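Number of protein chains: 2
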Amino acid sequence: MQLISIIPGFKPKNDSRLLEKAELLKPGLYYTPYPAPTAFRVNGQEISPAEMPDRPLRRGDQVLMDFGRHIVGRFSLSLDQAGSAQDAPAYIRLNFAEISDEFGEDPKQYHGWLSSSWIQQEEMHIDILPAQVCLPRRYAFRYVLLTVLDTSLKYQLLVRGASCTGESSADETALPARTFPDDELKRIYEASLRTLAECTQLVLEDGPKRDRRLWMGDLRLQALTSYVSFRSIALIKRCLYLFAGSRFPDGRMSANVFTDKEPAADDTYLTDYALWAAPTLREYLAETDDGEALDDLLDPVLFQVDYVLEHFLTADGTVKEEAAESAFIDWSDNLDRRTALHGVLIQALEAAASLCERAGDPSRARFYRDKAEELRQTAMRLLWSEEQGCFLSGDQVSVHSQVFMILAGVMPPERASEALERAESLPGSPRMITPYMHHYYVMALLAAGQKNRAEKHLREYWGGMLRTGSDTFWESWDPSDPDGSPYGGRIVNSYCHAWSCTPAFIISRYLLSSPT
Amino acid sequence: MQLISIIPGFKPKNDSRLLEKAELLKPGLYYTPYPAPTAFRVNGQEISPAEMPDRPLRRGDQVLMDFGRHIVGRFSLSLDQAGSAQDAPAYIRLNFAEISDEFGEDPKQYHGWLSSSWIQQEEMHIDILPAQVCLPRRYAFRYVLLTVLDTSLKYQLLVRGASCTGESSADETALPARTFPDDELKRIYEASLRTLAECTQLVLEDGPKRDRRLWMGDLRLQALTSYVSFRSIALIKRCLYLFAGSRFPDGRMSANVFTDKEPAADDTYLTDYALWAAPTLREYLAETDDGEALDDLLDPVLFQVDYVLEHFLTADGTVKEEAAESAFIDWSDNLDRRTALHGVLIQALEAAASLCERAGDPSRARFYRDKAEELRQTAMRLLWSEEQGCFLSGDQVSVHSQVFMILAGVMPPERASEALERAESLPGSPRMITPYMHHYYVMALLAAGQKNRAEKHLREYWGGMLRTGSDTFWESWDPSDPDGSPYGGRIVNSYCHAWSCTPAFIISRYLLSSPT
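Sequences listed follow chains U and G, in order.
With this note's numbering, the residue at position 47 of the first sequence is 47, and numbering never jumps.
With this note's numbering, the residue at position 504 of the second sequence is 504, and numbering never jumps.
Hints should not be assumed to be uniformly reliable.
You can't tell identical chains apart in this list, so a pair holds if it fits in one copy or across any two.
With a cut-off of at most 20 Å between alpha-carbon atoms, the simulated EDC-like pairs for lysine to aspartate or glutamate come out as follows [unchecked claim]: (1) Lys261 with Asp80; (2) Lys26 with Glu123; (3) Lys456 with Glu172; (4) Lys154 with Asp267; (5) Lys13 with Asp183; (6) Lys451 with Asp171; (7) Lys11 with Asp267; (8) Lys11 with Asp54.
Worth flagging that the hints you see were computed from the coordinates, not collected in a lab.
The model shown is predicted, which means the values in this text are computed figures rather than measured ones.
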């Protein structure tokens, strides 16, 4: 599956009133200094921080710096020279990595469909030493690898120091105190919040290494987690206004919005992402009771649901193939998405109904609720396989189909559990690839009353990423295929990714004894 | 021959009084805008400047920009994008070349003894398009090759424009009007002045591509050429003060001085370069009658001659092997340098005598003049081969030996011509590699009364560089080995080099009918 939409001549339709409000909601950033790496290795050998400043480096030498934790921000080097005079520029390469495995891959060997320009590497010449080299770009990293491409026969390079400044708009002081039954859950919770904080920038980014952009599928999960932690309320509102303020000319919401310049909807439409706008707004209002947001955003959000109802239902009341083809659901090449999308649509209809109630429009609310009920019945009639005891999508059985149907409230808990078990036990059914999908799976387990299994899965799956040595959660992780990548190469994978931040939400809301 | 001197713990001895005067003599720079390349090629195909701004560029595409002449200065690019939104950074490489042949060599394949950091190349990521990319470093180039390392599947790169700003402290308005007998001589003259102007910066640099530094061997030839052209009198004085102001602790002048920071003599001593200080000062005073310079510089300059007399003469009055080993003369691996250096020493003694006369010290002047005469007699007695009709250096016959002996006035013109012819006709004698050496060869021909041969050689040798398409003169050029390099790879050769700028001097002084 390649997610590359190109609509020739596409121009988003911008609503300046909404975008001005989004601009006013832009947060300030907190800057955190990291004055030095916590550990150095030179050519693979550990060297103490005290020895590092005087270690002469020659052509080919490599210095691995470990800052001890994932950081999003700017990087600076203090360089000097030893030996005779500097008779030629120093020439260095810097590679930045979120996890150390990234250094095992050769950037030149990446030929996948994402741009290799995301690989975090720089080459530079330093004409005059000593020099303070402050890199202007922002990086996402824990490790920095400096390679000496050349000095000269007359002199050697010295790395006197390295520092960085973390950037995030997440307010650490807003975090509630929590106690945990054990260390594993605590560590998962903390990595979850670190992941969220690193993605909490001038918008809620999907990943600070790559894309660095506002995507609806990520936004919903970030917002849910933020409500129980940093409570970046204004930023979440800003993001909703950005989606509503720059849309397709026909009113559809884009899957993502570019915000580095004048905000601009991407020409990528994902059916499920557009539908998540309604639940995301409902969840926002449950936290804030923000009447202005309801007034401004109701119509744009309901439009997303109406559009699908109008354009993407077949005569028999299931979603059309073309709508499923433009749905995300998960990074699975061989996934049939129709049934899962049907489940997402029901959830969007329920959210739409709830928004209409809040807006004082009970008749419209009833319309959406009736529609949701009708789609549930259609699902049981046309998509459910009595023989297999679970939902089909086309001929395909997948966990994905069960998960979104369970979250749509189509089945009572007991039946839901059985359907999930059937799908999971079927050999060859599509695997869940992303923490995004695993989040919905855990939510489905909880909805099916399987709290123990939910907690076990959370510990195994998210805990598995931490057991590799990472301190943030990833964009993509299939424990049975740890080297897999949706992008044709792990080197462009994002190892701190918004949609994987939800364990803190799940733990706080469902697993701790005193839920918030 | 590798020119890499490293003296552990070396610290130059600086004279702050002289260095302050040097600082006050620092020139301003003239900035010349070059608003656009004169020609573009995309993937080898010529494209009109009018079409270029709208030509979408994808991964792997290459744009060759030709600015139509050699430029030393800063480079800027105006970049934009076509297609769908820019969903990833643009990633480009820029290579700068003085001659287009440089692009035929792979920087990664250079493994010579000079630093590969001199290869003019940059890689960069542009996060947001459109962008004006202004490179902070200075380059020496006529051609710029932009390689698109990556965009993304969604967008293409556009090169809306490229421009540069030339930098030089040479005053073009000071140039005298000259008329030439033919176009060839005019073109050689102009390329010679362009070469000098490009090297005329905050100091007289050896080459703006590489080293970018003040070397005595270059300074003398630049100064001679500048007197008949830009007349950068204050800058020449500044350079002499820099050599005198930062020296070896024992008083010797370094072969070159670093001036990017607090001036600092390099720890490289070249016997002939130190000796050239006296002729260089004498020539400066012949142009300026600058009493302050004579007062300040006489002692430091005479010290260089005295040092050689004291340390580097054998009991029989010829120069020691160790002095010859630390002499430059030319980039020839197999050259025996003793006899050539003996000739340089005589010239330095004559210059020292002349400086003492000017300073009102006739007895010291006589000392140097007598010493010069004594060395001439020693040369004829011990270094001249009656049998071969020319000078030997050890057992070796070389043009180099004859040239510096002729310029030392050891032989009358007729005998000089014969000696040169003998050396040139001997198969297997060391070849002349550099325009530096060819300059002294032409001067020797003139001293031997061979004006026609001098002019013919100037047209053939320097004209040969122009016939390759270059518009500046090079650091190194042996027509019989056009791919040769003293540095183990042509890609680090300098193609605009100070010591090759002398044709304008020779033409103006010796070849034009109304010499200046």
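query = Of the hints given before, which are not true for this structure?
reply = Checked against the structure, the hints that fail are numbers 2, 3, 5, 6, while the rest are satisfied.
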